[in-house]
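Peer 1: As a plain string of letters, each chain reads:
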Amino acid sequence: MDHHRRLSDIINFLPDATWAIDASGTVIAWNRAVEELTGVTSEQIIGRGNYEYALPFYGKRHPILIDAAISPNPEQEKNYESFVRTGDKVEAEIFVPHFRAGGVYFWGTARRLLDSSGSVVGAIETIRDITERKRIQEVMMQTEKMIMVGGMAAGMAHELNNPLGAILQHAQNIERRVSADIPANVKAAEDVGVSLDLVRAYLKKRGIFDFISHIRTAGIRASDIISKMLQFSRRGDSVTETVELSPLLDRVLELAATDYDMKKKYDFSHITVVREYAADVPQIRIIVTEIEQVLLNILKNAAQAIFAAAADREPRITVRSRLADAMVAIEIEDNGTGMDEATRLRIFEPFFTTKEVGSGTGLGLSVGYAVITKGHHGLLEVRSKPGVGSCFTISLPVSGREV
Amino acid sequence: MRVSDIGVLLVDDDEMIRDCITAYLEDEGLQVFAAASAKEGLQKIAVIRPNVCISDMNMPGMNGEEFIKNAFVLSPQTAYLLHTGMFYSLSAELLQIGMTADDVLLKPIHDLAQLSAKIKRIALSRRG
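One line per chain: the protein sequences are A and B, in this order. Quick note: the first sequence, position 326, residue 326 per this note's numbering, numbers continuous. Quick note: the second sequence, position 101, residue 101 per this note's numbering, numbers continuous.
Calculated directly from the structure, the hints in this document are not laboratory data. There could be a bad hint or two in this list.
[Stated by the list, open to error] Computed, partial: chain A to chain B, Cβ under 7 Å:
(1) Leu164
(2) Gly165
(3) Asn173
Glycine is no exception: its CB is placed at the ideal position from the N, C-alpha and C atoms.
Looking at chain A on its own, in the form it has when it is part of the complex (with noise of 0.2 Å):
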């Protein structure tokens, strides 16, 4: 009997939540992590069958990885991110979405339970939360990613300088080498038996004037373009100051809404601006201009967003702020399109643009994830919902640590 009573006790006060059930699909063990997880107590749940147990995880009665450690099913086997069975034993991983606001990504082994004579006689299954490991890892990838092709995008911007620099100045050079404002260009044209004016009465007619004046504003965009991507490579010599956040939250909403360029294509005053800014944020140690740059960007791109959304709700931003875990964390909300998951995933990468050609170089986010994490030593982070809408967060350290 005490050795019974210890075995019991052995899978009640097993770390991970736990449970198994019968060759019936009764539950018939029920342990206390797997209480706390779902805030299911085993009176409530031991003896019930009918996949009672997938109701505090899906809402909804259907087999779950136990059920496939007793009989392997391909279908149920998709909807996990990964699934791997290795004899008796299965191991999977899953986002389950409902389990908590935000979502849970679950790690789980089931293993079947046989008797002495090898018959089945039922399961026994494992899980563990492991939604923050998730997060930590999908926040080294976005690094490591933003590292090799912020570096690469640094490198070919270093090396685009000097050709670009041919094109433009030669362009001026040639405009210069047909002017009439310098004598040697008449004399020259003399020389070879042509008149000037004639030259440039031809270059008129033909429009050449024109199309090296594109050259030159062709190149001075090409440039533009170049001098973001440079920012990936930027050296910390910039200034930093110790500022108090809701000032700065409130300038950069003004900004907004006075930004010419938003102005013609996204009135941000159609836009109801709601402010939810904690009153114990720290002052926080930054570079002012370039953080106002990047909430600007995100701010632009929300506005973008409801704008292209559909029009049954009432057009909305709301900026918080917050003390979380040292870091300073501020927050863009919109209710506007929001994104799927494959772009979410992208959104940082340089170039990548869901806007159409000419309207977006693809580089004002992944500029922001530079200025942030390299330049800030901060996180910037976005969760997204198809036709709901999407919230960046930027998370700063507290003042006192140099950037």
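Please build the complex by placing chain B on the supplied structure of chain A, with the hints as guidance.
Peer 2: Chain B alone, transformed into the frame defined by chain A:
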């Protein structure tokens, strides 16, 4: 000092850049000399003693910062400009010889007329 008396030395390992800037400044009537390396630049600066010297930053052998430090010893009256593709803040040594953030030119220069105006302004204000 007349514009035609202003001497400029351009040090850049990229021939394209030397040609572009030389052509423009010559059309403006300045006396332009070019060097394809820091080493050649040091040989020429001692002889030419230009009013203004524009140096590239990234050059094989000796970078622009080192070049200017060495060149300043040979020709302290020359005003130095650093032409660079990267964001750059002046080192303590370059600040000490009188350079300011205005003397750092970011590549690519969009409008050579501004460069030319800057050179004239510097040359005419330094020595009449």
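Peer 1: Against each hint, give a clear statement of whether it holds in the structure.
Peer 2: Evaluated hints:
1. Leu164: Holds - the Cβ of Leu164 (chain A) comes within 7 Å of chain B, reaching about 5 Å at its closest.
2. Gly165: Where the cut-off is 7 Å and the nearest Cβ of chain B is about 3 Å from Gly165 (chain A), the hint holds.
3. Asn173: At 5 Å from the nearest chain B Cβ, Asn173 (chain A) passes the 7 Å test, so the hint holds.
Hint compliance for this structure: no hint is broken.
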